[in-house]
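**Student:** Residue strings, one per chain:
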Amino acid sequence: MKKKIRPDGKEKVTGRLKYLTDLTFPEMLWAKVLRSAYPHARILSLSTEKARQLPGVQAVITHEDVPALNGFGIVTPDQPVLCKDTVRYVGDAVAAVAAESVEIAARALELIEVHYEPLPVVDSPEKALAKSAPLLHPGGNILHRAGFQRGDIQTAFSRCVNVVEETYEVPRQLHAYMETEGGVIVPEKDGTLTVYVGTQHGFKDRFQLSRILGMPEEEIRIISSPMGGSFGGKDELNIQPYGALLALATGRPVKIHQTRQESMRSSIKRHPMSITMKTGVDQNGRLLAHQTTITADTGAYATLGPAILDFAVEHACGPYMIEAVDTKGVSVFTNNGVSGEFRGFGGNQITFALEGQMDRLAAAIGIDALELRRLNIRREQDPGPLGQRIVQTNGALEVLESAAQVYRDKKQQMPKASEWKRTGIGMAVTMHGGGLGFGRMDPAGGRLSLKENGKVEIAFGFEEAGQGILAVIEAVATEELGCRKEDLSIVIGDTALVPSSGSTTASRGTSMVWHSLQRLKGSFIKQVLARAVQKTGAEESVLSIGPGGVWKNGKCALSFESLAAGEEPIVVSTQFDFPVSPDAIDSAHYLYTYSGVVAQTEVDLLTGRIKVTGLHQSTAAGPVVNEMGYRGQIEGGGVMALGYTLMEDVVMTEGQYATENFDSYLVPGIQDVPFDLELEAIETLPPGDHYGPRGVGEIGTVAVAPAIANAIYDAIGFRVSRLPVKPEAVLQSMERGVLYENQS
Amino acid sequence: MQMQREQGLSFPPHLISLEGIRELADIEETVDGSIRIGALTDLETCRNHPLVKEKCPVLSEAISTIASPAVRNRGTIGGNILYGVGDAIPVLLALDARLSWFCENGIRSEWMYDYVSEQESPAESAILTDITVSSPIKGRCFFRKVGRREAFIPSVVTVAMYREMTDEQTIKEIRMVAGGGVSTPRRLKMCERELIGKELTDDVLASLSDSIKEESALIGDVFASVDYRRTVAANLLLAALQSDR
Ligand SMILES: Cc1cc2nc3c(=O)[nH]c(=O)nc-3n(C[C@H](O)[C@H](O)[C@H](O)COP(=O)(O)OP(=O)(O)OC[C@H]3O[C@@H](n4cnc5c(N)ncnc54)[C@H](O)[C@@H]3O)c2cc1C
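For the record, the sequence lines run as chains V and A.
Going by my numbering, the first residue of the first sequence is number 753, and it counts up by one from there.
Going by my numbering, the first residue of the second sequence is number 27, and it counts up by one from there.
One thing to keep in mind: the hints can contain errors.
To be verified - No more than 30 Å apart at the CA atoms, straight line, and that leaves these computed lysine-lysine pairs for DSBU-like:
hint : chain 1 : residue 1 : chain 2 : residue 2
1    : A       : 79        : V       : 1363
2    : V       : 755       : V       : 1304
3    : V       : 1173      : A       : 79
4    : A       : 239       : V       : 1173
5    : V       : 1162      : V       : 755
6    : V       : 1203      : V       : 1237
7    : V       : 762       : V       : 1237
8    : V       : 1363      : A       : 239
9    : A       : 224       : V       : 1173
10   : V       : 1307      : V       : 1207
Since the hints were derived computationally from the structure, they do not count as laboratory data.
No experiment lies behind these values; they were computed from the predicted model shown.
Generate the whole structure from the sequences, applying the supplied hints.
**Tutor:** Written out as structure tokens, the structure is:
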């Protein structure tokens, strides 16, 4: 029953599904965006004359053509739509062209004359924080500081019998969605604009575009599903403003579809961070003191940089109860691309450090790493990581025990090391907050209707980016209402048709769909049954909604069609906020999910290459809504994190991308994926929990890297502190001559 | 050449397709039992060909590591060699293959070693017609490609080796090759010379490691340094020799 085929599955695997970037319209033009030649420069002059004269070019726009606010950014609009005098990264847009063909548009870009005066490139947070650093923004080079303190850290350290300190470095990861940014923007006859471009939050895009175009929001319609992947990467605006400006300038539909190279250059990435952790225990293995400093390279503009740092700060002590905590974070502007939202939202970075500390500490005091975790892990009723009240579950301990069992079993069946290979096993656990957190506007909502045509329409402002929200809506709606999937009409991804549900981020979709249905179903069912009473004359108490319509005595008494025929539609709407902690602690989360990961690796002693041979995730996130969807998220997340651990890194040198395409930026292929890929869903919730299923969009990515790192240590005794793990570092770590020791 | 185009490197304004010359897309056994591979044979056909699988499995193994099935269905063995850094080159060098060219004044044949050392075709307009590998292969062959992921990946290091032992367990004949990345695969002639007539004692192997590192002219980049590449080449070749003892 729960192993259902997703509604959009068949069309996707057969290639029949039309993505928004597949659309074409009559009279459509093609657009391209000219990006900065330098990571940091002043624009001395900008001339579009020659480009305009190229036959086939219909419009060329620059900063002068932005009617209202020349800026965007989900929280702070500090990124120019089109740069006027300064460029701060190589993805900064300077001009855009609409032409009769993509080739003409590309040629026109070459004819745009820009004279730059290169400025010193700030290509690392250290340089940005130096006293002599050029200031990248009027407010300086610090985007955001965040911190959390509990207890007296110095005294706590002085009581520790063992203290471990390490600095962890994590890379800039690319979302690597299949479909690069793009779509078509259509100027309608009535002066409105329809934007067919993938996004994670149509209403937010509408708001941002209205601010740029100086157009009322109601005159902009965003159609944003389906899209070929996002993972956080398309939550911020990307090419929409250029398409919109050019469509308005030419009065014709404009298509933009970035090439992979253009996407690599302009898209946001996961924040590289340098995290120093100092953690101490007493003689019994109790964690007493935990000090963390986080430096995040946020790149040229703000986007969600502050929230991501807040998230990392909140999760710095993860699921552990620690007496004294001192966490400080700083997110720093540089000329290195733009860092922003990415599945895991700062949790992946901090968890790699924290779980690295746990293994190091366990080794330092000579106890089992599992035991150390068990001693310190939070129990039901313990407060959240910032001391806030949270929705209580026993998830942390449950995933730990589940992973512990897996760990023991796998360790017993560990394949024997061969002459040039060593095998190892490692584990890690984590907790991960869902929703945007306290103090952030986090509205949700939905609408349920019985339409004139007899369809039960369920509408949300969520977007389908491949994550499976359609399958979730179908599963929850059929289960809660009792109808069949054939009775449903699911409407999402079109601001003209759907209510606002907030963003499709922060693992909130599944949870918010479920909550909406809890609020909608009572009134909806009541109204449907009332009408059935009217039409059949039966007692309400003997009627219920079932497959195809209203049922009586085990039979369908009245179809939805007959119920709806000739009547006004029944419409029920709800608006509410994502649940937050009653404790007013900024950005603190309320609903958490938990994960325990066991990884097995094989290290090649000759090449230093690591192969992950097994990955098992135990996830506690409430009831499973759709088994295939859940598995897809956890396994897919696991593979994405495997890439993060072993190969993915957007390398930048002096503000320029060294990895420009998929020939040098590597994502795992099927051969890199362990055959042994498993998961255990822990569905139990305490009695009386009324928060239902939690989302699992992110949790599968969070604790994989440290589990692999710990498995590498188990195999060869090498402590990984930098991702991705370079085979070179592995080889160097093994002493010279290891080749000969091995013979015996 | 597709890679060159994607990377924005200089690309010739005109291309001539050789695809129609079906005669050069075949694999056959010559009268002396050698295998002759037409230069236009696609990599996938070459990899799966019964003659190659039976008489020269190491070549089949090497080709399996090139790109993906889709690319192997289009790319030819000749193109792989002439592109200068193809992963089929090390094995063919280790097997001491011969190349035949169609030039203005007829067919010319040369050792692949000579071609690779000089890096130029006998004449600008020459067409590579076939590659010949002597068979039966008497000694043992070894091949390994290391990339930054398991498959569909340019090589960081590619090594190949051919060796034949005497009855006294000394080395009779050996050819070692190291390449990878943008480095042209090269025979490690000095190492080879050092080894001829020697027994594979610990001392011999220990000093060989440094010799291999020294002689393998590999180029580094931001993803893998020269040192790493040389070390891996040495480790792999040494391990292969050890497994012979
Ligand atoms: C995505 C991708 C992945 C790749 N991965 C790998 C890899 O893992 N390992 C690897 O080794 N290579 C790889 N390649 C490179 C390449 O495609 C293959 O090596 C292939 O074998 C080249 O053959 P081709 O027939 O396409 O040659 P072409 O690219 O058409 O030709 C290469 C050169 O040789 C010349 N040439 C070709 N045939 C002849 C002939 N008969 N006579 C004279 N001149 C000739 C051409 O003029 C050209 O200069 C990859 C390529 C792509 C696109």
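**Student:** It remains to establish, for every hint, whether it holds in the given structure.
**Tutor:** Evaluation of the provided hints:
For the suggested pair residue 79 (chain A) and residue 1363 (chain V), the alpha carbons sit about 28 Å apart, so the restraint of at most 30 Å is met. Of the pairs offered as hints, the one joining residue 755 (chain V) and residue 1304 (chain V) holds, with about 29 Å between alpha carbons and a cut-off of 30 Å not exceeded. Between residue 1173 (chain V) and residue 79 (chain A) the CA atoms are separated by roughly 28 Å; this keeps the pair inside 30 Å, and the hint holds. For the proposed pair residue 239 (chain A) and residue 1173 (chain V), the alpha carbon gap of about 22 Å is at most 30 Å, so the pair holds.
The straight-line distance between the Cα atoms of residue 1162 (chain V) and residue 755 (chain V) is roughly 27 Å, inside the 30 Å bound, and the hint therefore holds. Only pairs whose Cα atoms come within 30 Å are accepted, and residue 1203 (chain V) paired with residue 1237 (chain V) is accepted, the gap being roughly 15 Å. With a C-alpha separation of about 15 Å, the suggested pairing of residue 762 (chain V) with residue 1237 (chain V) holds against the 30 Å cut-off. Distance hint between residue 1363 (chain V) and residue 239 (chain A) is fulfilled; the C-alpha atoms sit about 25 Å from each other, no more than 30 Å.
Restraint check: the Cα-Cα separation between residue 224 (chain A) and residue 1173 (chain V) comes to about 28 Å, which is no more than 30 Å; the hinted pair holds. Under the criterion of a C-alpha separation no larger than 30 Å, the hint pairing residue 1307 (chain V) with residue 1207 (chain V) is consistent with the structure, at around 19 Å.
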